[in-house]
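Peer 1: Chain by chain, the residues run as shown.
2 protein chains.
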Amino acid sequence: MSSPLADEPVEPAGDDAEPLDGDECADYLDELGDAWEVVDDHHLEASYEFPDFETALAFTNDVGALAEEEWHHPDISLSWGEVGVEMWSHEVGGLTEADFVMAARMDRLYADAGE
Amino acid sequence: MSSPLADEPVEPAGDDAEPLDGDECADYLDELGDAWEVVDDHHLEASYEFPDFETALAFTNDVGALAEEEWHHPDISLSWGEVGVEMWSHEVGGLTEADFVMAARMDRLYADAGE
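Protein sequences, first through last, are from chains G and H. Counted the way the numbering used here counts, the first sequence spans residues 73 to 187. Counted the way the numbering used here counts, the second sequence spans residues 73 to 187.
Hints were generated in silico from the structure; no laboratory data involved.
FRET-style restraints, in silico, Cβ to Cβ:
(1) H:Gly186 - G:Glu142: 26 to 32 Å
(2) G:Asp124 - H:Ser119: 22 to 28 Å
(3) G:Asp99 - H:Ala137: 38 to 44 Å
(4) H:Asp88 - G:Gly94: 51 to 57 Å
(5) G:Asp113 - H:Asp79: 46 to 52 Å
(6) G:Gly153 - H:Pro123: 28 to 34 Å
(7) H:Gly94 - G:Asp124: 30 to 36 Å
(8) G:Glu80 - H:Ala183: 39 to 45 Å
(9) H:Asp106 - G:Gly153: 27 to 33 Å
(10) G:Gly86 - H:Gly186: 33 to 39 Å
(11) G:Ala89 - H:Glu96: 52 to 58 Å
(12) H:Gly94 - G:Ala185: 41 to 47 Å
Computed footprint of chain G on chain H; a stretch qualifies when at least three of its residues, placed anywhere within it, have a C-beta under 8 Å from a C-beta of chain G:
(13) 121 to 132
(14) 148 to 159
Residues on chain G that point at chain H, a partial pick, calculated with CB under 8 Å:
(15) Thr132
(16) Gly136
(17) Glu140
(18) Ser149
Keep in mind that this is a model prediction, so the values were computed, not measured. For each residue, glycine too, the CB sits at the ideal point set by N, CA and C.
Sequences and hints are given; from them, build the entire structure.
Peer 2: Written as structure tokens, this is what we have:
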């Protein structure tokens, strides 16, 4: 059960693009899992829960591999039983569709990790 | 160039131990690399720098493997070119020698990663 957004390409918006506004962010957020929230119409934050440190570290690697593949790098916080993610498009100083596609991909990785 | 502390065992202080006081923390801190600081005589924080995301992720895995091996788990923050570490001994609500030994081991892992 992951959003169709996860199947979209991660396309950089370009340096002269405008970040998404609040209404646009809200519409995209509706397509993500409960882990995610939009903060200050500026960035995305997620918290994913795990049963222990090892599984949280494995997910960190999944997210890291995705970040390298798509060349779109979030900040990740790893602690016992939890992985936090913070992400935005630095080139526009806010959120773009690429961030929401990345988020949907992480939701899918999380669902896969739990199977 | 790593501290002899890194060769000490990571021994849990036990639930009834007292956390190290400010002077004791300062003495141990002298044995660590520049990445580390003691915050509020309560926990250790470090920031390690890297040339990119991939090497930072690799170090996160090194620290994660150490944490699992010694069963002493820090909080780790991973971003492009930087890994942050925050650590204390939860069972005593502060710092113990085990935290400083772990910190010295991370300094050694960092030195090894740069070779």
